[in-house]
Amino acid sequence: MATATKKKLVQWGPAEVKSALLEKYPPKVARKRAKQIMINEAQQSETPELTANVRTIPGIITMRGCTYAGCKSVIMGPTRDIVNLVHGPIGCSFYAWLTRRNQTDPGPDGENYMNYCFSTDMQEQDIIFGGEKKLAQAIQEAYDLFHPKSIAVFATCPVGLIGDDIHTVSKNMKEKFGDCNVYAFSCEGYKGVSQSAGHHIANNQVFRHLVGLNDEVKPGKYKINLLGEYNIGGDGFEIDRIFKKCGITCISTFSGNSTYDQFASSHTADLNAVMCHRSINYVADMMETKYGIPWVKVNFIGAKATAKSLRKIAGYFGEKELIDRVEKVIAEEMPEVEAALAEITPRTEGKTAMMFVGGSRAHHYKELFDELKMKTISAGYEFGHQDDYEGRQVLPNIQVDADSRNIEEIEVSADETRFKPRKSEKEMEALEKAGYKFKHYDGLAADMDKGTLIIDDLNQYEAEKLVELMKPDIFCAGVKEKYSIQKLGVPMKQLHSYDSGGPYAGFQGAVNFYKEIDRLVNSKVWSFMKAPWQKNPELSASYVWE
Amino acid sequence: MLLRHTPKEITERTALTINPAKTCQPIGAMYAALGIHGCLPHSHGSQGCCAYHRSALTRHYKEPVSASTSSFTEGASVFGGQANMLQAINNIFTVYNPEVIAIHTTCLSETIGDDLPQIKKKAVAEGKVPEGRYLISASTPSYAGSHVTGFSNMVKAMAGMAEPTGKKNGKVNIIPGWVEPADMEEIKRITAMIGVKTILFPDTSGVLNGPLSGEYKMFPEGGTTVAELQSSGDSKGTLALGEWCSADAARELDKQHKVPCSVLDMPFGLKATDRFIDALRTIAGVSIPEEIAHERGQLVDMISDMHQYLYGKKVALVGDPDQLIAMTEFLVSMDMKPIHIVTGTPGKKFEKRIKEITKDMGCEVNVKAQGDMFLFHQWIKNEPVDLIIGNTYCKYIARDEDIPYVRWGFPILDRQGHQYFPTVGYKGGIRLLEKILGVLLDRKDRDDTESKFELVL
Chain U
9 MATATKKKLV
19 QWGPAEVKSA
29 LLEKYPPKVA
39 RKRAKQIMIN
49 EAQQSETPEL
59 TANVRTIPGI
69 ITMRGCTYAG
79 CKSVIMGPTR
89 DIVNLVHGPI
99 GCSFYAWLTR
109 RNQTDPGPDG
119 ENYMNYCFST
129 DMQEQDIIFG
139 GEKKLAQAIQ
149 EAYDLFHPKS
159 IAVFATCPVG
169 LIGDDIHTVS
179 KNMKEKFGDC
189 NVYAFSCEGY
199 KGVSQSAGHH
209 IANNQVFRHL
219 VGLNDEVKPG
229 KYKINLLGEY
239 NIGGDGFEID
249 RIFKKCGITC
259 ISTFSGNSTY
269 DQFASSHTAD
279 LNAVMCHRSI
289 NYVADMMETK
299 YGIPWVKVNF
309 IGAKATAKSL
319 RKIAGYFGEK
329 ELIDRVEKVI
339 AEEMPEVEAA
349 LAEITPRTEG
359 KTAMMFVGGS
369 RAHHYKELFD
379 ELKMKTISAG
389 YEFGHQDDYE
399 GRQVLPNIQV
409 DADSRNIEEI
419 EVSADETRFK
429 PRKSEKEMEA
439 LEKAGYKFKH
449 YDGLAADMDK
459 GTLIIDDLNQ
469 YEAEKLVELM
479 KPDIFCAGVK
489 EKYSIQKLGV
499 PMKQLHSYDS
509 GGPYAGFQGA
519 VNFYKEIDRL
529 VNSKVWSFMK
539 APWQKNPELS
549 ASYVWE
Chain G
20 MLLRHTPKEI
30 TERTALTINP
40 AKTCQPIGAM
50 YAALGIHGCL
60 PHSHGSQGCC
70 AYHRSALTRH
80 YKEPVSASTS
90 SFTEGASVFG
100 GQANMLQAIN
110 NIFTVYNPEV
120 IAIHTTCLSE
130 TIGDDLPQIK
140 KKAVAEGKVP
150 EGRYLISAST
160 PSYAGSHVTG
170 FSNMVKAMAG
180 MAEPTGKKNG
190 KVNIIPGWVE
200 PADMEEIKRI
210 TAMIGVKTIL
220 FPDTSGVLNG
230 PLSGEYKMFP
240 EGGTTVAELQ
250 SSGDSKGTLA
260 LGEWCSADAA
270 RELDKQHKVP
280 CSVLDMPFGL
290 KATDRFIDAL
300 RTIAGVSIPE
310 EIAHERGQLV
320 DMISDMHQYL
330 YGKKVALVGD
340 PDQLIAMTEF
350 LVSMDMKPIH
360 IVTGTPGKKF
370 EKRIKEITKD
380 MGCEVNVKAQ
390 GDMFLFHQWI
400 KNEPVDLIIG
410 NTYCKYIARD
420 EDIPYVRWGF
430 PILDRQGHQY
440 FPTVGYKGGI
450 RLLEKILGVL
460 LDRKDRDDTE
470 SKFELVL
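Protein chains in written order, with this note's numbering: chain U, 9 to 554; chain G, 20 to 476.
One chain only, chain G, in its complex shape (with noise of 0.2 Å):
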């Protein structure tokens, strides 16, 4: 057993957290800065921070993560990063010239109060930042929130970019949320199929899913550009998907520049589509074409063909706020029984949309936000599930408890596709489902005996 220790009687925690549902802010933020084209982000702290984001990344995307750090010493700690910092813009724009610097904070520049948009002025003050160059910067405490909160903050001083010339743009702005770079390229996919033009940021897609040419390009061709972002506040509204991810950077473009945004729910499994594409319709006043609809019909029909095998079935997931509320719907519409949901990153409000969403399923169900999976797998322990759908992490309570598993989320560090392979939309929901009945109805023909075995599922 890997994880022998777990026991399945729960004790209350108050200070340990063990094996953790969530990781801190500044990732989250170089995720976000990596969807601006020609964008390097920076974290101001010390050389491990950077070194541990920038392998998590690139662990989960197979891909290079190119980020800089202010290398803090002892010195730097105790006499604040500022000098640091400015030798590390002078540096990076000598030596890599990207189009901008995208800094976020750690623990231990906030913790010693280091002020980051003062930094800036002082660098623009002392000509380090050349023409065309552009400095955005984020606080990102990692002893708050979580990962995704970083994300967040980053997505919102992209947000500050924009620069309204007062003309309108016809465009919408998308923001999409902590998703892979094929999910951002689907939803790109589909706005273009419905003729509707957009901004999206940030956008990994092109940088975090490129291609093998015997090139490297450190700043590869993906990516919200600068233009595009400063343009954001001529937009006619904005769609952010995600409450956690996303309704910050939204709702600062409304404040400060008067741009209009309505607050989605990522668009993963049916429902949630069905309200994203009908969001899209509604803003930019188009209609949707018939192969919107029959992309559509196709999932429906999926469900409809393989409802026995999902019926009734338990799951356990794990992950990030916006995913799982979206996820926990998907199922509840299949009339699947998400039984046990678990995230990291804090937030009462998660629970309340997850008890709301899984209200008529007529069972207990289990929510925890700011929770660990230590205590998802106690709860799996108390009451096993069918499916368990998580990161890479739940592959040692799958493989202890003998439960099918469906890698979603982040990290995923053993397996390959989610780098290519959306799960947004109506494509993706069927992708989503493929991955779930592959499970299932393996588990099916390893465990039926071998005169219940059959061809035909």
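Next comes chain U alone, as it looks inside the complex (with noise of 0.2 Å):
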């Protein structure tokens, strides 16, 4: 299928396309570009070698948003029985309402707030003489109506300036009704570089208020924790269903399709099983060392992926019964993904990709561009850290700038009670020495090619001359980023919401995704770009009826 830019070979040189990016920027801007930009060498090292995490520089046009959207959108935003209060002008709250495409069931309590918007709407007044007291009534407010379970309160910019305490607002709020847990998030959104900051942020409020808070112990024999998964078009559905089909019970997901009482259990699964690296790390590691949960990285976007992470959650188990099963669940599952890749690979196969999405997302969704046969030429996150990029075994050599030591780290220990080792040391050893890894994370650039181009908080126009340099078959970033390179004839592909469809994880999201992409790099769509009489402009001999 022809498209517009069918100019198979890539002509340029890691090298050359690097300072192509960089030659147009003023040199103290193409200085610190440089710094993020990284031809990959395919090989681990102690020490970082790109940078991450750090300030974007002003004017420069990012794909990035901020702290608050971290925390209020990303992470809270998918909880569907807490109300959600923004405290601030009206504009945050009113841009996060129901616009990532986070899936719900409501189930049979049918508690379901997700398709509200909550906002204090600060006025001048509340600017110049505090919404403290403006706060307290809309916290009220929400619970006369709604009488829910609990109520998260988030700051925007100017709350912080003005210095409205809403910590002690939603103190004395939860202490007067009793039966409403209300707690606070100062993600207001100057803080950090990105929305990183806002990640770890309602990580830290997550783990402070909620987890812990139910010792129930829930039926089931292998419990899981499923962090870092957003259910965004319907993946936690989708990996549910799988889970339900191997007998793995999730206790809880942070925080796609979640509840309150699922936090508030989320301590008495066996295992957390990480899925994206970026926005939940904080989380995992605080319930290890409080309760003893050991962690691992999974990824379910990509059916071997999928495999692979459902055998990693089995051989934690160790019991044979769940590891016949996840094999018998594979072995259903994948021959309708063998089916579909038959099918859908010989139109695929050998075209080129690139993916500036997330923390995490660029590096799983690499996995379903493998399977389609397509190459990876460039990938980066738009609020990665170097640990992302190059594997958790640089972190102690990270250099930690004045905006990640304002981001509050929070201390912590075993729990007197609720500590309990979930393995045996000798069971640990014997699962690492079998090539187990826990806390264990490689990063994107291992997955990379030699040669490839790895970009840090890729903008605008390095974007565009990516494209114009490299012509991909698809681009994958957000929604802002989208018509841009779509008008350059270049088909791009949401990665954060997906634009519409989904679900993308486990194996029936496999399926879809190959299904998308086969649509979306062979439309025919991309070969309208040119009227015949553009094609053709010299007048012809003769009119066709003479």
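Keep in mind that the hints were calculated from the coordinates and are not lab data. One or more of the hints may lead you astray.
As the list claims (entries may be wrong) - Not the full set, but computed from the structure, chain G residues with beta-carbon under 10 Å of chain U: (1) Q44; (2) A86; (3) F91.
Note that the Cβ used here is the ideal one computed from N, Cα and C, for glycine as well.
Using the supplied hints, reconstruct the complex from the two chains, each of which is provided in its own coordinate frame.
Okay, here's the thing in structure tokens:
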């Protein structure tokens, strides 16, 4: 199928591309950006090569959002039975209202505030005289109207500046109600350098105010939490389907289709499976220290990755019953996946992809492109840290700058009554000896080919330039980037909220994704860019009817 | 039920807004600035504001929306954003080279009190603004007014670019307000038919309804040019469409450069369009061509042909003040009954205007400025309607209450066409009517019993 940019040969070497990306910048900007663009060596080192999680340069059109977005929209957005109340002017709450495509099943209790948008709609007098009274009143009104189990309060930029004490207001209201947990997030948009700081702030408060509140032991033999899965396009539903089929009980998901009680009971699980390393590793670490739950990195994006992750979970529990059942499920699910691949890969093989998304997604989705035999020629994160690129072994060597230092790190120690090692030291050692890795993540670079370009915090100018020079068959980023790329005649798939469609996780999700990419890269529309008279502008000698 | 927790019983709320019928000022400023040719909107605040506004506009228009940000950090929030802004100006002109940077503030930069005019002066003094390039700015605190106010403030800043030469240009300034690119195109078509030379600002046609051709232009062909904006001070008069969106800019031109202005309603529906055309005729001293009367007649014809399906139908509408005023009048003129009307934008004048328009309707009308869609929904629960008109968020109410629904306003995130098909003018009125009749008659066809089901409607 013809595409408008059908020059398959990438004529530019990575070093040339890199210098072309930098050539237009003022010298200071060029120096800074040069450190965020890496030609992949595909080797693991102890010290990070690439600079990441640093400030965006003012005026450079970035893909990034703010701390509030990371906290309210990403982490707390998909919680259905918590009233998420934004303290601030109206916009922040409005923009985070249903725009991320988190799906929800309200279940038998039917409690679901996902479709609502709550705000204190701060006015000028609140900014001048303080907004604490208005916040308290808004919490009261939300309580009177809905009687929710929980109300979460989110700070926006002016709240921090005028010094509203949202934590004390929340605490007072919690005490007043008695049957409603109220707590707050200091996630002002100016904190940190991207959404990432907001994830951390959300992790801290969820851990502090929710995790560990309900000790009731839920039924189930193999109990896990799935961390960093947000049920966008129904991903979480597909993963839940697979877990059920395997006999794995998911006590809580952080935070796709989640409930208050799931968070409260999450400490009763026996393993934390971490999907999005960037957004949720903090909670995984803290739960390990406080409750003794080990964590492993998993990935349910990609059929092979899904199978691998299921085996990893089964391997942890180590019981034949589960191991056999997981193998049976994989054997049952894979034929459909393989049939889809056999049909589709002849049309996708050899095509090229670029991905600049998230803090783990660019890595996860590479799996699916690999399965389609497509080559990922350049990738990067919008708000990843160095360990997301180069693996957790670089953690001790990451320089902590002023922006990171401002984000709270909670001191956690083992809970006196609830700490319970899930495995004996001997069992852990045996697992590790057999190649089982806890708290381990290799990062994106290890999976990218040598000579590919890894670019952190890619901006609009560089995106356009990359597409122009390297002519990928598909480009993946977010909604802001979508249409400028497509104007160039290159299909663009949103990998934050997927535009439409999904799920893309698990086995059925993989099949959906293969079909979606087939549709995108082979759509006829990309051959319609030029009208016939634009393709052949010279006037022919005669009219057709002569 | 999607909004299952919304009770029918209405209780007073003084602090909690639920399901807002407005958003904040800066997005309006960004949209207005996109209507200047070769302009890069710039958000002076933290990154999230810019990201959210770009995303919201992109989802509505399905077009690239470029805008930059001062990327405030905690330090900038403490020490002021001047250094960030100056660095941004330098980077923007070096990398993107727009003709104009249109800066708007945010609640962050307003709260810390950054002085944009002073920062602009400094940028010019330090040589950061190349020859023939411009900085304009608007103060758009998110904690006052709404997205409509922000739009108006940026349009006023555009009027501030006027540089009268003393020689009249024979043109009429038209300030269309926050309407779709297609509406701006339609206004240009109408004025061209009448033979009036105009300066339309802002003008997002050709910017946010562009073609797919394999080329990406960061600054597309469309938009009001700097030369036009400068010349607006030499025009013979200004027509401002919409008190909330456009009047301030028109009054500014009047005040600064003695360009007389008339503030009209936005030309949605029959009567508001009549007034617009008549005002054009008077201000430009032209006679109206037969083609316009013909289009008008077609709209009147369609109303009379289908009046039986419109008469007495109750409507609930939510949106922005200027649009709602014109739409309410249009509905009343067709003997429909707009009974619940909500805007999130503040303004007691709005409630007064709606009450005037609906005073002879012979039934109770609920109207609220600075209201929200939660209250709107409760009103509908208490007195059901036959039709809802509003933005995409209304779909949750329409589905729960099973009410026919026409998408109109901002944002529309789930249907297409608003960028391409105008709803202003007589032709636009026909389109609005087609949409209204479409949903009403689809409902009739769905609900009629088999014996009542009819071929001809």
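message: Tell me the numbers of any earlier hints that the structure contravenes, in ascending order.
response: Structure breaks no hint.
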